[in-house]
Amino acid sequence: MFRAAVQLSVSGVRSLTRSQPGCKALLASRCYSHGKQETDEEFDARWVTYFNKQDIDAWELRKGMNTLIGYDLVPEPKILEAALRACRRLDDLASAIRILEAVKDKSGPHKDIYPYLIQELKPTLDELGIPTPEELGIDKV
Amino acid sequence: MLHLIAARMGSLMARRAAVALTTSSARMASHGREVSETVDMSRPMYWDRLDTPLPDKAYKDELTAADKSLKQKEKGPWSQLTNEEKIALYRLMFNQTYPEMKQPRSEWKTIVGGIFIFMGFTGLVVWWQSLYVYPPRPRTFDDEWQAKQLQRILDMRMNPIEGFSSKWDYEKGQWK
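First to last, the sequence lines map onto chains A and B.
My numbering applies: residue 1 is where the first sequence begins, and numbers increase by one.
My numbering applies: residue 1 is where the second sequence begins, and numbers increase by one.
Bound conformation, chain A alone (with noise of 0.2 Å):
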């Protein structure tokens, strides 16, 4: 009983002491932070890399538009190509339209956005022929 405590505190001094070094380390690079704040830039692309995937499954693919939906903000243009490009290497015409549908919910009363993506993701959608809900006529009810 008495060894298995001293086992305990024994292990849990050499844990404290072992993590002391990285949070030293830490707090030499930077006072104010528990951890390295990722740029937009580094964001984006670790997004583009995520669906750029090659052999990327039905699951990564919803997985990642849904924790990318989840977020604060819209996808870049160059976020949205790279998951468009994962629909088509799925055969999932299904999924590009409902992605485009999402981003243009997710502007929400920024009006300027979906028309910009739009614009911006126009080769895209003619080169893998995905239409957007307004050619559908999925916009409206």
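These aren't lab readings, by the way, just hints derived from the structure by calculation.
This list has only true hints and no planted wrong ones.
In the DSSO-like style, the derived pairs of lysine-lysine whose C-alpha atoms are separated by at most 27 Å in a straight line are:
#1 B:K148 / B:K167
#2 B:K71 / A:K63
#3 A:K63 / B:K102
#4 A:K140 / A:K122
#5 B:K148 / B:K176
#6 B:K57 / A:K63
#7 B:K73 / A:K122
#8 B:K73 / A:K53
#9 A:K36 / A:K63
#10 B:K102 / B:K60
#11 A:K122 / B:K75
#12 A:K122 / A:K78
#13 A:K78 / A:K53
#14 A:K78 / A:K36
#15 B:K75 / A:K78
#16 B:K57 / B:K102
#17 A:K63 / B:K68
#18 A:K63 / B:K75
#19 B:K57 / A:K53
#20 B:K60 / B:K75
#21 A:K78 / A:K63
#22 A:K53 / A:K63
#23 A:K78 / A:K111
#24 B:K60 / A:K140
#25 A:K122 / A:K53
#26 A:K53 / B:K71
#27 A:K140 / B:K109
#28 A:K122 / B:K71
#29 A:K63 / B:K73
#30 A:K63 / A:K122
#31 A:K140 / B:K71
#32 B:K102 / A:K111
#33 A:K122 / A:K111
#34 A:K63 / B:K60
#35 B:K71 / B:K57
#36 A:K36 / A:K53
#37 A:K140 / B:K57
#38 B:K75 / A:K53
#39 A:K140 / B:K102
Following the hints, put chain B in place on chain A, whose structure we already have.
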């Protein structure tokens, strides 16, 4: 210890009863209609939500021959599909479009109606209680009684410095 066991037994029984209730109601609901399948909550499910554009599973599970040929055609270039085919593909995957999800519903009418029904029922209960449950109003609430009480307070000169009687002018016989 015994106490604990008894309590746990009680909660277990309650849970068992709740399960029995729900299953029996489900059976009753399924009795009239053809649909009698139970939903396996451990499997991926379809749902329409604005914040999850791509639900875990396609809306249509069982594809007809026409759907399957459409799915085959989807593997080719998409620009060769007609708009109808594209919409059909969309409807295979998803039930409602975003505008359909955002359509105003009249559910609030049911909710407001329910609130009014329960508030009205509560009012009836309170009215019934005032008739049959509560004792009669105490006599000390009568105006006459309270006037007499006030007079008595003044006559006894209660709190003459800063309180009640200090506000009464005894010479003129009126409030200051």
